[in-house]
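Participant: Numbering of the sequence shown is given in the working numbering, commencing with residue 6 and proceeding in unit increments.
Since the hints were derived computationally from the structure, they do not count as laboratory data.
Among the clues, some could well be false.
In silico BS3-like cross-links for lysine-lysine, where the CA-CA straight-line distance does not exceed 30 Å [as the list claims (entries may be wrong)]:
no. : residue 1 : residue 2
1   : Lys239    : Lys57
2   : Lys231    : Lys154
3   : Lys239    : Lys454
Estimated spans, in silico, between C-beta atoms of each pair [to be verified]:
no. : residue 1 : residue 2 : range
4   : Val164    : Gly451    : 25 to 31 Å
5   : Ile388    : Pro323    : 39 to 45 Å
6   : Val164    : Leu447    : 24 to 30 Å
7   : Leu230    : His461    : 16 to 22 Å
8   : Ala63     : Val456    : 20 to 26 Å
9   : His322    : Arg395    : 42 to 48 Å
10  : His461    : Asp203    : 23 to 29 Å
11  : Ile388    : Glu60     : 21 to 27 Å
12  : Arg39     : Leu447    : 44 to 50 Å
13  : Arg395    : Gly370    : 27 to 33 Å
Even for Gly, the Cβ is constructed at its ideal location relative to N, Cα and C.
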Amino acid sequence: SVGRSASAGSRVGREGSGVSSSVSARARPTPRARCSEQRLKHRDSWNTSEIKIEELFAAYDRDRSGFLEQEEFRELLRDFNQGHAPSDQEVTLMLRLADMNNDGTISQGELHHALRAWHSYRTMDDSVLRLFSEFDVDESGRLDFQELKDMLTILNGDVPISLSEVQWVLDVGDVNGDGRLDRSELLGAVAAWYVHVDRRGSDMTELIREAVTRTAQDSNHSEVLKAGSHHLAKAAAMVRGAGGYLEVNTSATAAGSPSSDASGLSRGGTDFMAAWRQQGPPESWPDVSPGAVPSSQALSANTAVTAAGAPDGGGGHPRCRKLLLFLASAFGKFCYVFFPFLFGALLAIIGWESRDSVCPRNLDGILMWFGVLAIAFGVSVYIDGFRWARDLRIALATILLLLNGVGWAWSYDGRVQLHRDECGHKLVLWSMLVWPTVPIMLAAFGLYKCVTYLQHLRSHDERLQKEVLV
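Given only the sequences and the hints, what does the whole structure look like? Please build it.
Facilitator: Structure representation (structure tokens):
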């Protein structure tokens, strides 16, 4: 974990800072009633980012241990920072901010706290340093408790703050333990305090805006293809294991002669024998040596093992439903990935076959080029790691939209309708069908994706609101 692989660095940072881990761990967010409007806006603007943190944490916590390895932590910070890798100094600072209870590990709640403080630190302007000069009355270059309290009150919009908040800022930022904050200690501590506010559920407008943004930026076809392949593999595994599973289940539940039970066990399913070879025969498993007659106790144990291993606990219909769900999910994902290629190829073929048309409008040419560019767009979504890839996708999408508009206008042009025989009835019919259908399908699919993202964001936001994000 971060704690295991970098615990020394983390603990050095905390010990050197003189921070009382118990004070930091016990510190509660400031109630919203005691915060200025500007401070509340600053805190609430972070809500959708907290959802992204949850998603990144789940993606990088590959072993589901509840904490991250150091390299996983760096990757998370890079993705959170829009692909820019953090420096070693930034990683060290993040570890110091995150490990609030000094246990050498980073929990999800601690990560939320650290990234909130880091965001505030990166976006806070120089007004804090100017205030520092104003309240450093004795020009000592440091702020004592009362001077810090007066400065924080100004930052809080003249809303009085509690003494415990002032003490918390001192504990977080006082590196040398002298009870004062100098300029270098001030900014990070104040940034952490400024966003340490009770969370409010996100407004629907914020969630809709985030859902629309995600829909517009959604081009991760590689992950969709992997997910479809994964679900198809699960369905195939269920089909392969169904025969053995059903035989064991049937033999175990029959009124049952020993011979039928024994034959069921001898045919007993790939999973049963694979587990036997990997783990050895547990005491609760029956003796399946040649000629052995299983006892009723052994058969009961085997029935329990088989039912426990079954996804539905022994019922056939739930198993079939899961199989159909996996197949439907895989089919939907494959259609999503391969549709641009199939649709583009179909239009290109239709346009090429109609190339001898003498239509007043070049219906065949625009169909063919639209199909070719649709295939090119499908290929472009798999090109990653290059700065020009996104620009290429935007350019192709713009050209496709323009071609669609021109094709729609040409299809319903009066001259085309008067010269259907010269144009070809098939070509005109395809043109009149394709060009209105494409934007309708794109709009419907975009709306579906947007609603799906919105439901996902609402679910995460409600869960975050119920938890205590320290």
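Participant: Each hint should be assessed against the structure and marked as holding or not.
Facilitator: Each hint, compared with the structure:
1. Lys239 with Lys57: Distance ~28 Å between Lys239 and Lys57 Cα, so the pair holds.
2. Lys231 with Lys154: violated (54 Å)
3. Lys239 with Lys454: The given pair, whose Cα atoms are some 25 Å apart, holds under the 30 Å limit.
4. Val164 with Gly451: 25 to 31 Å: violated (43 Å)
5. Ile388 with Pro323: 39 to 45 Å: Given a distance of about 42 Å, which is inside 39 to 45 Å, the answer is holds.
6. Val164 with Leu447: 24 to 30 Å: Given a distance of about 49 Å, which is not inside 24 to 30 Å, the answer is violated.
7. Leu230 with His461: 16 to 22 Å: Holds, at about 20 Å.
8. Ala63 with Val456: 20 to 26 Å: Since Ala63 and Val456 have Cβ atoms about 22 Å apart, the given range 20 to 26 Å holds.
9. His322 with Arg395: 42 to 48 Å: Holds, at about 47 Å.
10. His461 with Asp203: 23 to 29 Å: Since His461 and Asp203 have Cβ atoms about 24 Å apart, the given range 23 to 29 Å holds.
11. Ile388 with Glu60: 21 to 27 Å: For Glu60 against Ile388, whose Cβ atoms are near 24 Å apart, the range 21 to 27 Å holds.
12. Arg39 with Leu447: 44 to 50 Å: holds (48 Å)
13. Arg395 with Gly370: 27 to 33 Å: holds (29 Å)
Checked against the numbered hints given earlier, this structure breaks hints 2, 4 and 6; the rest are met.
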